[in-house]
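*Asks:* With the hints as a guide, bring the two chains together.
One letter stands for each residue in the lines below.
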Amino acid sequence: MSDYRPRILVFSTENVSDPGIDLAGRNKMHYPAKVLVVTLPCSSAIKPRWIIHALAGGFDGVFIAADGSDCSYVADCTQRTAATVAAVQAQLREKSLEPARVKMAAVCSVCAESFQKHMVSFSEALRKMGPAQRGFSGTAAKVN
Amino acid sequence: MEENKRKIGVYICHCGGNISDHVDVEAVRRQVEEKYGVTVARTSMFTCSDASQNDMIRDIRELGLDGMVVASCSPKLHLTTFRNMSTRAGLNPFQYVQVNIREQCSWAHSDDHEGATCKAAGLVGAGIEKAMRQEALQPIRVTSVKRVLVIGAGIAGLRAAIELADLGVEVFLIEKEAAVGGQVAKLGEMFPAGKKGAELIATLLDEVKKRPGITLFLNAELAEKSGHIGEFELEIRIRPVAAPGTEETVRIQVGAILVASGFAEYEPKPGEYAFGQPGVVTLAQFERLLRESGERLLHDGREVKKIAFIYCVGSRQNAETEGGNRWCSRYCCSTATHLAVLARKKFPVARSYHFYRDMRSYGKFESLYEEAGKSGSVFLRFHEERPPRVERDGDSWLVSVQDLATGGDEVSVPADLVVLVTGMTARPNDGLTRVLKLPLGADRFYNEIHPKLRPVETVIDGVYIAGSCQGPKNAGESVVSSLSAVAKAAALLIKGYVDLQPFVAYVKADACAWCGRCAAACPYSAIEQVAYGDKEVAQVVDALCKGCGACLPVCPLDATQLKGYTDEQIEAMIDVLAREAAHEG
Numbered sequence: 001m002s003d004y005r006p007r008i009l010v011f012s013t014e015n016v017s018d019p020g021i022d023l024a025g026r027n028k029m030h031y032p033a034k035v036l037v038v039t040l041p042c043s044s045a046i047k048p049r050w051i052i053h054a055l056a057g058g059f060d061g062v063f064i065a066a067d068g069s070d071c072s073y074v075a076d077c078t079q080r081t082a083a084t085v086a087a088v089q090a091q092l093r094e095k096s097l098e099p100a101r102v103k104m105a106a107v108c109s110v111c112a113e114s115f116q117k118h119m120v121s122f123s124e125a126l127r128k129m130g131p132a133q134r135g136f137s138g139t140a141a142k143v144n
Numbered sequence: 001m002e003e004n005k006r007k008i009g010v011y012i013c014h015c016g017g018n019i020s021d022h023v024d025v026e027a028v029r030r031q032v033e034e035k036y037g038v039t040v041a042r043t044s045m046f047t048c049s050d051a052s053q054n055d056m057i058r059d060i061r062e063l064g065l066d067g068m069v070v071a072s073c074s075p076k077l078h079l080t081t082f083r084n085m086s087t088r089a090g091l092n093p094f095q096y097v098q099v100n101i102r103e104q105c106s107w108a109h110s111d112d113h114e115g116a117t118c119k120a121a122g123l124v125g126a127g128i129e130k131a132m133r134q135e136a137l138q139p140i141r142v143t144s145v146k147r148v149l150v151i152g153a154g155i156a157g158l159r160a161a162i163e164l165a166d167l168g169v170e171v172f173l174i175e176k177e178a179a180v181g182g183q184v185a186k187l188g189e190m191f192p193a194g195k196k197g198a199e200l201i202a203t204l205l206d207e208v209k210k211r212p213g214i215t216l217f218l219n220a221e222l223a224e225k226s227g228h229i230g231e232f233e234l235e236i237r238i239r240p241v242a243a244p245g246t247e248e249t250v251r252i253q254v255g256a257i258l259v260a261s262g263f264a265e266y267e268p269k270p271g272e273y274a275f276g277q278p279g280v281v282t283l284a285q286f287e288r289l290l291r292e293s294g295e296r297l298l299h300d301g302r303e304v305k306k307i308a309f310i311y312c313v314g315s316r317q318n319a320e321t322e323g324g325n326r327w328c329s330r331y332c333c334s335t336a337t338h339l340a341v342l343a344r345k346k347f348p349v350a351r352s353y354h355f356y357r358d359m360r361s362y363g364k365f366e367s368l369y370e371e372a373g374k375s376g377s378v379f380l381r382f383h384e385e386r387p388p389r390v391e392r393d394g395d396s397w398l399v400s401v402q403d404l405a406t407g408g409d410e411v412s413v414p415a416d417l418v419v420l421v422t423g424m425t426a427r428p429n430d431g432l433t434r435v436l437k438l439p440l441g442a443d444r445f446y447n448e449i450h451p452k453l454r455p456v457e458t459v460i461d462g463v464y465i466a467g468s469c470q471g472p473k474n475a476g477e478s479v480v481s482s483l484s485a486v487a488k489a490a491a492l493l494i495k496g497y498v499d500l501q502p503f504v505a506y507v508k509a510d511a512c513a514w515c516g517r518c519a520a521a522c523p524y525s526a527i528e529q530v531a532y533g534d535k536e537v538a539q540v541v542d543a544l545c546k547g548c549g550a551c552l553p554v555c556p557l558d559a560t561q562l563k564g565y566t567d568e569q570i571e572a573m574i575d576v577l578a579r580e581a582a583h584e585g
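Residue numbers (my numbering), protein chains in the order written: chain W, 1 to 144; chain R, 1 to 585.
Just so you know, the hints here were simulated from the structure itself, not pulled from any lab data.
Please note that a few of the clues may not be correct.
Using 27 Å as the maximum straight-line C-alpha spacing, the simulated DSS-like pairs for lysine-lysine come out as follows [to be verified]:
#1 R:K76 <-> W:K117
#2 R:K452 <-> W:K28
#3 R:K76 <-> W:K28
A partial selection of chain W residues facing chain R, derived with a Cβ cut-off under 8 Å [to be verified]:
#4 Y31
#5 L36
#6 C42
#7 W50
#8 Y73
#9 A82
#10 T84
#11 A86
#12 L97
#13 A100
#14 V120
Since this is a predicted model, take the numbers as computed values, not measurements.
The beta-carbon is built from N, C-alpha and C at its ideal position, and this holds for glycine as well.
Just chain R, with the same shape it has in the complex (with noise of 0.2 Å):
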């Protein structure tokens, strides 16, 4: 059999004792050795250890290894580490395979030795047949253009566009709307510098302005994508102002997407906590009355002199409701206690009650909420289960309380306004979702690939998302994050190339009759149909191809596979852990 010439290299870890505490290591090695015709088979204390590494290092090069298993922990941890170590021993580090034998076995199994020690050999046993049969892959490598299409001119967009440009990639930066700025454009005073979220937004613009490289269109939407990373075609269809009625549409090709879409603001259900009354406002419309008042707040025409605050509408809502915002939103606790400070110094008659949950003004907005104490506000804590009753009161409200601060008591409040303390909800972006084809989580925003490893990157290669288009931020967040956008995009095309995992679908065109099911399957159109002989066959166009594998089950000839997981892989794997699983000890 061809995969007996391969030489294949096992090592088995100790993990201390997280593992060899509860499988026998030794046992599982001779067994490895008996049966499987590897090259070598070793146990170490800690294989992630230099010196391991090192003596795997050494077997593959004096033993001219072209496989490795490592049984260790969840490939999580340390699948980089010894593709790494493969490379640096010139091994090609797709020929390593790594086999879980702490997480799903010694830990899931600390009760039954035997068991786990019967199982271990089993997965070692698979990692193997799977190495035996794991061909020699290259890297894909796309060239790449330097030009990024930012989506969103918000504080994050626009930030964005202006470090891209500085470090010589020519952006695109598209707005949906007939102006920049997006939310931040519409808030007054910010914390802590005291600047108007407008002159900030003009700061940006003017830097825009001045950098060539950046191309701004505005009423303009992503409407069309194809290509792939490094090389993304795309159309950009733009509403132009001086015609209106008419749409213009802009091809443009680029190496990488900024998605920076942004938020929208919560709004309330009709009715919840009486709003859609009079007298009743969302946290953004209260921003703009307050910011618009001049010398007396009046809201419609009466003078507000008592404000109630109600939080965490629209946020932390609880498991049972269906559909609910489970998050919490972030930035409105220390937003609401910002206005009631800014309220009270504008108009001193203005005393703010606040009826909160949990007062979650973290890091340095803590001193907002200290502030807004010490400047006459009130807080009454409330249960989740025992929300405030918002109730009319003659032209006023009345709003009352079980207030857990005092130990329950049953406190009214009159109130002139009623501020609901919204938080944020993922913008709704159907259209563009769909032409990118991004990941939304079950909150609708936006997911990442990892919420510490890869926070900006996407599962669409090329694709990053910065600022709240992604979960709820504060400004300087959105900021933040689409700077480890810029940085993940930037370095991605100042190289020129892009080199993609391989492991990815192929068909065997000699299989192949044709019928366009794996096509259609595909998530990604990464299937073509082209000429092979004299019969139409379907091609798989690497760069397209995300590796999912869904054109696997849909061919009726077992002609479309997956690298990595070919039909005889899998089987073959299937046949060891059936036949291991079949001893009963």
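With the rest of the complex left out, here is chain W (with noise of 0.2 Å):
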């Protein structure tokens, strides 16, 4: 398993974290290409379903590019994204599944630097941990 690469999915945002990932790219700084993201108007807005969905289905991380305080949208959009990866991570745990798969960061229009690392790091820590099982069933936490 030692050319083994974890696929993960990033969810970033229209305006805050998309930016930031395009300005690692138009820098140049590399980062797994196993690394795919779908973008959101907002992380506020991420359903718990959907990473369950990506985490049965073939991803082994959900990394989270959060608006964190830029959010232009919601005002406590970082406390809301949490919640959700709470409820997520509440739910794998049931599973005895490893919380780690998700993780949020903030991300902002300029964090080129800190997507990167995070992209490298967060490879690293799901390569030690091998790839997620799946197909484990996939209905989602709600968040209250």
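*Replies:* Given below as structure tokens:
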């Protein structure tokens, strides 16, 4: 399993983290090509069921490149996104899956270097964990 | 499957070699053709070129495409380009999907061609899956009333009110204080025309009074806001001078709001450069002292002959200072040198010593710096980490510094008066911020959408910002931004209607069992409870929804959905990405 390369799904946001991820590319800052990005308007929109869907369906880890305090939509965006992450992690624990497969960090519109570092270290952490168990039942946690 | 009936076109860009040097675009095109049943898949050297756009238009028309995917650069660059192309071709522009295989693929993985090609195939596939599930959307059209609320009757607000009135837009101008003029009204002689701040304001106020279309309320604040761009319902709370202690409420309807609420002068902390002790004043205090002094420059009854200016007080604080003011306040270098010139003119005995970090008297203000030097001002430059020390010396002060201009020699200057060249900070306006739900930057000033492309617009549609509430600006710059905001507001209202982006939330009424969680989660009060058959359900008010999706994760029944980001779309995208990422290659 030494050449195992973890697959990472990133949720980014149109106006905050996506420009930061773009900037990493513009600066030719390399990170693993198994990192794939889905862009949303705001990290407060991320649904637990999407994260579960990704982990059950082939991804080894999900990284939320959150708006953080730069969010222009929701004042407490960080707390809301954190609640989503916590709900998913609790569900993973129940299924005896590693909660560390879901990670969240604020990535601002110029946070290219921090994004790159997160991707390299998250990929390394997932590599040590090994591939995620696939196809577990995907009843999604809810955030209340 | 229904989506197979869709006719999707895909264009993959070489971007010269920016993409194709690292991604095998032909291989991606072949995969797309084999796997997704698209109607047409092509590559192009530059998809954004006129020739390539014309090819797309021809394909859309001749093949009857009902969805289009271009895989090229970041949507920040060409999303609008290709949406416009779609409109010209007769395709619904919201059925166009932009896929970023440059910034987020070829450039980020220029060290891994195989990996980049595999990833590009996944990203394009996900874009196709999204396009296949994207219905045609119409912009949300709402009517607009030709009235604007201008908040703040400083130089920016007064100017805005006059210009809007001249464009035929009715204006309500409200001012929190008992008089108009804001910060500028307090200023003496201004550079370069030499006109006093109060005179400028008086001229503008005369112009305001000449225009019947402007209604001015003093001692007034915005208390409540409902409605949306084009039709805001507002409550203005006024404290009448004639009846102290009472409040009056005026209800108005406007189409747009222009915020010109100004700045606050930085107030030094007690002990910051001996602030709070006699003989230590702020820039504004010194300005007043200079203006109000008669034959001699007196402070606390003592004549001032030597003045020490210490620059960057409350500005450019270093990153380690918790909550520090990182910004340059922009106007203070020019103002301090200007005051030194004026002081010297009025009181020939006055000598100025400037302890500065960097002299930022930009543009025309550079001549003030030059003039200050010629009229005897002495400039001493300090390092950020070694600020000047201010110590009591009998009745006066001794200011000491390691002067970088003379190789770091320790220089001490006796001073009768220490002027702290204080910068601008955001004016505390919690009430207004809360009512308007305006986003603040880390610096607490109001945030525009984009500093270059949309500099006076905010994420709250129909709410514009102008002047120094947005960040440090001098009076001239404030007026320029206020006129920009006038142009945006008037352009919006003169049409009589507003088109809004259609990527808003909606509720699947059949699935909904009204619990109120979505309404509670919505930061914009855009979700209402309505009757639906024999049950109560949630309903989104399109014109209020900003499309953030905060209502999505809280719904226990997956009834709330966001157009363009539905469960179906996102999960289909995730499936494709997972499948492509699984390829070892």
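*Asks:* It remains to establish, for every hint, whether it holds in the given structure.
*Replies:* Now for the hints, and whether the structure bears them out:
1. For the hint linking R:K76 to W:K117, the alpha-carbon distance of about 24 Å falls within 27 Å, and the restraint holds.
2. A hinted pair counts as satisfied when its Cα atoms are at most 27 Å apart, and R:K452 with W:K28 qualifies at roughly 25 Å.
3. A C-alpha spacing of about 18 Å is found between R:K76 and W:K28, which places the hinted pair at or below 27 Å, so the restraint holds.
4. Proximity of W:Y31 to chain R holds as hinted, the smallest CB-CB distance being about 6 Å (cut-off 8 Å).
5. Here the hint on W:L36 is kept, as its CB sits about 4 Å from the closest CB of chain R, short of 8 Å.
6. At its closest, the beta carbon of W:C42 sits 4 Å from a beta carbon of chain R; the interface hint therefore holds under the 8 Å criterion.
7. A cut of 8 Å between beta carbons decides the hint on W:W50: the least distance to chain R is about 5 Å, and the hint holds.
8. The beta carbon of W:Y73 is positioned within 8 Å of a beta carbon in chain R (closest approach about 4 Å), and the interface hint is therefore held.
9. The interface hint given for W:A82 is violated, since its Cβ lies 12 Å from the closest Cβ of chain R, which is over the 8 Å cut-off.
10. This hint holds: W:T84 has a C-beta 5 Å from the nearest C-beta of chain R, less than the 8 Å allowed.
11. Evaluation of the W:A86 hint against chain R yields a violated restraint, the C-beta minimum of about 12 Å exceeding 8 Å.
12. About 16 Å separates the beta-carbon of W:L97 from the nearest beta-carbon of chain R, more than 8 Å, and the hint is not met.
13. Hint status for W:A100 relative to chain R: violated, with the closest Cβ pair at about 19 Å, above 8 Å.
14. Checking W:V120 against chain R: minimum C-beta separation of about 12 Å lies over 8 Å; hint violated.
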